[in-house]
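Novice: If you want the building blocks of each chain, they are given just below.
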Amino acid sequence: MIIELKDTTSTQIQKRLIQAREEGGAVALGRVLTFLIHTDGAKEEKVIQAANDASREHPMRIVVISEPASGTDTPGLDAEIRLGGDAGASEVVILRPTGQGDNYLAGLVNGLLLPDAPVVTWWPDQCPECMADTELGQISQRRILDSLEMGSGLSGLESVARGYRPGDTDLAWSRITGWRTQLAATLDYLDVTRIDSARVAGVPDNPSVMLLAGWLGHTLGHDVSVDATAPMGIGGVHEVVLVTDAGEVRLTREDDHTVQLSVPNQPDFSLFLPRRPLASLLAEELRRLAPDTVYGEVLTGGLRWVRHAS
Amino acid sequence: MKPNPLRLPEDRRLARIAGPSSLVIFGVTGDLAFKKLIPAIYDLAAGGLLHPGFSVVGYGRRDWDDEQFRALIKESIAAHAREDISEQVFNTLAGGLRFVEGTFDDDSGFTRLAEVLAELDAERGTAGNHAYYFSIPPSQFPVVTEGLARAGLTQGAKGQWRRVIIEKPFGQDEASAAELNQTVERVFPAEAVFRIDHYLGKETVQNILALRFANSMYEPIWNAHYVDHVQITMAEDIGVGSRAGYYDGIGAARDVIQNHLLQLLALTAMEEPVSLKAEDVRAEKEKVLAAVAPLGHIPSAAARGHYLSGWQGGQHVKGYLEEDGIPDDSRTETYAAIRLEVNNRRWQGAPFYLRAGKRLGRRVTEIAVVFKDAPAHLFPEIKQGQLGQNALVIRVQPDEGVTMRFASKVPGPAMQVRNVTMDFGYGHAFTETSPEAYERLILDVLRGDAPLFPRHREVELSWRILDPVMRYWEEQGQPEGYLPGTWGPASADQLLVRDNRVWRRP
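If you read the sequences in order, they're chains A and B.
1191 is the number of the first residue of the first sequence in the working numbering; add one for each residue after it.
60 is the number of the first residue of the second sequence in the working numbering; add one for each residue after it.
Just so you know, the hints here were simulated from the structure itself, not pulled from any lab data.
What you are looking at is a predicted structure, and each value in this text was computed from that prediction instead of being measured.
Cβ coordinates follow ideal geometry from the N, Cα and C atoms, glycine included.
Be careful, since some hints might not be right.
[Stated by the list, open to error] Simulated restraints on C-beta separations:
#	chain 1	residue 1	chain 2	residue 2	range
1	B	388	A	1274	54 to 62 angstroms
2	B	280	A	1236	20 to 28 angstroms
3	B	458	A	1213	23 to 31 angstroms
4	A	1323	B	273	27 to 35 angstroms
5	A	1246	B	468	31 to 39 angstroms
6	B	273	A	1481	55 to 63 angstroms
7	B	68	A	1213	44 to 52 angstroms
8	A	1213	B	408	42 to 50 angstroms
9	A	1352	B	69	19 to 27 angstroms
10	B	479	A	1236	23 to 31 angstroms
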């Protein structure tokens, strides 16, 4: 069900939500969080779809603040409510404020936040200088950006790091969870006493490559070299090599779904490690709402271990 | 490398994956293997929780080759796995599927098994880590463990592990359980024996610990001062059907109460453990099971029955004695109820009523904590018995969740109250499908984590509670009959009436 509300207010939206719930018998009691999305509207549908899919694991109210750069000047608010089949396991409220700068965003959404439940804000297509200082960031426990949108590798991450506050996180970091899990799992069973060096290969302006190298540097406490060579078609991380006293541990991306694992004294394996859709990354971010301190340490301290291979 | 430098304790994103290993299934031709184990293994693989070299070896008396075995497994996954079958995941898994033909008393079969496992170590890097799943009757345990021992399969080299997984029934009484335990523990060390109680792998059962100890609003009232009594029910609407051969001579008490229901009692009644580690949780469960008071006068503390023929839900069904393979003079009960008291300060005066049966009103498993009446002077409804007691119900299956029942004012000018419910459904709050119990349990075995597996001591304590009842029933004639689709025999109702209580309708 889609309900359009023209020239409306938060109070009217709220009333309409309650009314629709009573009519449709759609119960909103099981919602675990409010998910705010601040977007310029270009990828609105794609972003809502991803959030809807993630809501299958985390039932939530999704509030989208869609502010196109070139809007009309008359101040006001249009809104759209999506429920039931049009909203997956969630309920979606899309707010389209007009008249730039006249709306104080926190005041706009406050009435639509679920009582007591945590608030998470996602900036899918912009990277605020400091998420925690924004109007929406101040009312959120958890703030998500995607540094891949900035597309400038290490220097981009350095600016993200300057604005970092506990509770911030980055989808570029969730993109490498699979790699990190496999590396840690491999060291769980290998009889290794020492790791001499580590190197990461991949597209250098991809922040995930840098975060992976930074994580290795942070945990191992020594330099990690980043090799800017990646074959055509491999977008992010291409290969990770750990040189240990028992031999080399190597993970190499073969295609969009598989990674080859080579471990000393074992046959090579093809691992199923598919590139993940946006929804899966969001679902991972929403699983734990406490600050991800490891991410913070890697971002603010780990990156200094990253060396570009000459 | 110990400790693993990449595993920072605060890094909670990294899942723990099972290391290189294989699982050998004895009795692979049975229902359990194809309906539960194989699909669970597939779902683990699809979730990326298994090592890519993970291998499954079926052992049985069929002349299947590896190809036929693979085809059967693919069918079973397509029919029963949670995830849709993906060629890529299946192919990785299929590379490690083997079938070994052999009987349990045939050394050549075990020799072939040893060869296949050595082959897997070399080709698939299973690193000498092997788990043996006994999906076979307990009478076969000695034969299989000895076969494994003779083929040199029970002990690995340094750094390798061998584990054995066994299913209920863990014996028929305390003595036979001890004997069974000896057979297995003669060959495998106690910490390598994993007793599967699939109930303990269920999300809702693990949620009992979360509900009680991750919240602060329940624990203060979780005692006999506020709780009137606790009812634990496991009802099935089906009869014994194809399990007749196994079921006769076992009965509801041994089949269900000894393991599932007493485990649920232990989780409901235990004190807070010092940590959620296996040994700490187990210590608390053992303590509370040991605190269960021995039953005094059995007839007033236990009731049993068997279902009669009749109409159930629009269908005529056979009585227990008319089922195929059940002798006319069978004294096996298909319904059992017992009243237990826990001898400690927390529970003194609040009894636990446990009941389990077949052909009952509907399929349901739940724990109901029933609270004492509120003072009646303000509301006549309480005095008149119109208002039930407050209850907190943990629904284990189906429709997993938690329900609270309490009184609320009826809208209108008069002060009238009636009972309402507040409901938490796993299916509403978390719409993602929950992992099947077997997934969690198999993964735990492969990782060597055992918080959800009872040790022999718990099995022994459970039998100690039940043995006197079983001995008494054996001296009596046939159990009392009850009509299918009802909630058990009249004597079970009497059990509560004596205490001025009634069974809830679950």
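Novice: Each of the hints needs a verdict: does it hold here or not?
Specialist: Verification of the hints:
1. B:388 - A:1274: 54 to 62 angstroms: holds, 58 angstroms
2. B:280 - A:1236: 20 to 28 angstroms: This hint is violated: roughly 48 angstroms between Cβ atoms.
3. B:458 - A:1213: 23 to 31 angstroms: Cβ of residue 458 of chain B to Cβ of residue 1213 of chain A: about 25 angstroms, so the range 23 to 31 angstroms holds.
4. A:1323 - B:273: 27 to 35 angstroms: holds, 33 angstroms
5. A:1246 - B:468: 31 to 39 angstroms: holds, 37 angstroms
6. B:273 - A:1481: 55 to 63 angstroms: violated, 20 angstroms
7. B:68 - A:1213: 44 to 52 angstroms: About 49 angstroms separates the Cβ atoms of residue 68 of chain B and residue 1213 of chain A, which means 44 to 52 angstroms holds.
8. A:1213 - B:408: 42 to 50 angstroms: For residue 408 of chain B against residue 1213 of chain A, whose Cβ atoms are near 49 angstroms apart, the range 42 to 50 angstroms holds.
9. A:1352 - B:69: 19 to 27 angstroms: holds, 23 angstroms
10. B:479 - A:1236: 23 to 31 angstroms: violated, 42 angstroms
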